[in-house]
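Chemist: Single-letter residue listing:
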Amino acid sequence: MIFNPEMECMDPAVRRELQSERLRNQIRRVYERVAPYRKKMDDAGITPDDIHSIDDLSQLPFTNKTDLRDSYPFGMFAEPMKNVVRVHSSSGTTGKPTVVGYTHFDIHEVWAEVMARTLACANGGPEDMVHVAYGYGMFTGGLGAHYGAERLGATVLPVSGGNTKRQIMIMQDFGSTILACTPSYSLYIADVCREMGIDPRSLPLKSAIMGAEPWTVEMRAKIEETFDILAVDIYGLSEIIGPGVASECAEKCGLHINEDHFYPEIINPQTDQPASDGERGELVITCLTKEALPLIRYRTHDVSRFLRDSCACGRTLVRMERVSGRTDDMLIIRGVNVFPSQIESVLVSVEGIEPHYEIVVSRSGSLDEIEIRVEVSEEIFSDEVRGLEGLRKRISHEIESVLGLTATIKLVEPKSIARSEGKAKRVIDNRNK
Amino acid sequence: MQLKQLSVFLENRTGRLAEVTRTLGDAGVNIRALSVADTSDFGILRLLVDKPKDAVEALNSVGLTVRLTEVVAVEIVDRPGGLATVLSLLQGSSINVEYMYAFMERHRENAILVFRFENPQKAITILQEANIKVFAAEELVEM
Chain A
1 MIFNPEMECM
11 DPAVRRELQS
21 ERLRNQIRRV
31 YERVAPYRKK
41 MDDAGITPDD
51 IHSIDDLSQL
61 PFTNKTDLRD
71 SYPFGMFAEP
81 MKNVVRVHSS
91 SGTTGKPTVV
101 GYTHFDIHEV
111 WAEVMARTLA
121 CANGGPEDMV
131 HVAYGYGMFT
141 GGLGAHYGAE
151 RLGATVLPVS
161 GGNTKRQIMI
171 MQDFGSTILA
181 CTPSYSLYIA
191 DVCREMGIDP
201 RSLPLKSAIM
211 GAEPWTVEMR
221 AKIEETFDIL
231 AVDIYGLSEI
241 IGPGVASECA
251 EKCGLHINED
261 HFYPEIINPQ
271 TDQPASDGER
281 GELVITCLTK
291 EALPLIRYRT
301 HDVSRFLRDS
311 CACGRTLVRM
321 ERVSGRTDDM
331 LIIRGVNVFP
341 SQIESVLVSV
351 EGIEPHYEIV
361 VSRSGSLDEI
371 EIRVEVSEEI
381 FSDEVRGLEG
391 LRKRISHEIE
401 SVLGLTATIK
411 LVEPKSIARS
421 EGKAKRVIDN
431 RNK
Chain B
1001 MQLKQLSVFL
1011 ENRTGRLAEV
1021 TRTLGDAGVN
1031 IRALSVADTS
1041 DFGILRLLVD
1051 KPKDAVEALN
1061 SVGLTVRLTE
1071 VVAVEIVDRP
1081 GGLATVLSLL
1091 QGSSINVEYM
1101 YAFMERHREN
1111 AILVFRFENP
1121 QKAITILQEA
1131 NIKVFAAEEL
1141 VEM
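Chains as they are written, first to last, in my numbering: chain A, 1 to 433; chain B, 1001 to 1143.
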């Protein structure tokens, strides 16, 4: 099902007109209403009159997370607080949280709309029971999925995160059909199911919308197999709106970006220039319709690329490749660029390994060392030393051939790596300690 | 005639073996024989116990990975050359020993050897044809 065929299947040329018109209005609004934007544009010698269409977008300066931090908490808002009906914030691992605001229009006409599209992408409809296991609260995940499910006309189960046994009981008793949570939490739910003697495949789930942390195609296959469901990758960030910026459809060939609301660019993070089409680079997003916090050319630091061939689902919205890493948490080990997601791909490709792992980077003298800790599950355990040593060598060999990197592989006991009920922390970098 | 051996994956760190054996003790499981194969990082603990099912449950409940492996326990006269006789017999029939360990019988003059074979059924046939005692699971419990 396509929630809004008119917008999602629009002729791209017509959409471009619409985007240009929305951009012109938005630039005028932020220039008039947001002091930091007026200053940025004045400094760059650009006025709203210079922006005629989407083609002029690349003249505009970027917005960085530091701009939000510098104007903490509400300095980038384009609406007076009397028109702001909701505030969310990100957890802020470094310093102050990032604060975002929404008008009534932002919540109902933008966010609920794009999240309804997202749920429809996962074959959702009014008859579905949407089990929201994303956290509710200042985090955008829970309420984003919640309003989208309501807009779709589905039944919402606002379970929020945690208390996994209760989550499973609700799924069984209420008949949850669509699960919204992080990929790592779904694997944790499966672990708890098995401990309770419940086959995860026996749950009534038919699909899941999963995001908020990096995951791989292999991990998706594992989750789909574990629960016997369709699992689609969704993308979003609180600065732009929260979940709902982009979502895979059931074709699972890249995420359709809701570009009538969020205009995407891919740039080369080293040169800050637009990347050539199809090339990987940093995703940059401009909010075309949002009122309260309309960010212009926001640097997401997420690495992706555009996929422009047509999609069998009928949507004409441009697709982005699944995010393959972060420009800022990319690990540089002995000069080699490494994304944790690449290591995960290798681990899953070595037969039978569940993706419970941890990467520890340290420095010995002037040399970076990387240790990958992998939990020994029942499936890969052998009662013979040579069986386990063989496994360790296979992983080490695969890491070396795929990443060009020598890593120490350490086999550890099951459940000895911390499980998170939110975002999985895969990397421990001890180099700057 | 095959016995169920518990194989347990353990990280090589202080006190781990004590914790595992305490878990078994608390579950009322008696250990009959034990061996540890270790590397610098991890070890594989191999156990013969009186109540394998209870033992697996107890170990799983504390999050350990346990595998049941089929092994063969053989009685050997406790005198010089006792083991060599059995091994020669197996070698003559091209039976590979993956690993083995030994323990003593409590009330008799004999040793018991626990073997992990690639092909245990074939090994049992050969041993029995040579009149070597192969233990059944019940005998081990009563021992």
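No wet-lab data here; the hints were simulated from the structure.
A couple of the hints might just be wrong.
As the list claims (entries may be wrong) - In the BS3-like style, the derived pairs of lysine-lysine whose C-alpha atoms are separated by at most 27 Å in a straight line are: (1) A/K415 x B/K1004; (2) A/K65 x A/K39; (3) A/K165 x A/K96; (4) B/K1122 x A/K415; (5) A/K415 x B/K1133.
On a predicted model such as this, the values are computed, not experimentally measured, just so you know.
Chemist: Does the structure keep A/K165 and A/K96 at a Cα separation of 27 Å or less?
Modeler: Distance of about 34 Å is beyond 27 Å: violated.
Chemist: When you check the alpha-carbon spacing of B/K1122 and A/K415, does it fall within 27 Å?
Modeler: 38 Å, violated
Chemist: Starting from A/K415, check that the Cα of B/K1133 is at most 27 Å away, please.
Modeler: 42 Å, violated
Chemist: Hint check: A/K415 vs B/K1004, CA-CA at most 27 Å. Holds or violated?
Modeler: Judged against 27 Å, a Cα distance of about 25 Å means the pair holds.
Chemist: A/K65 and A/K39 were given as a pair; does the straight-line alpha-carbon distance stay at or below 27 Å?
Modeler: 17 Å, holds
Violated hints, in rising order: 3, 4 and 5; the structure is consistent with all others.
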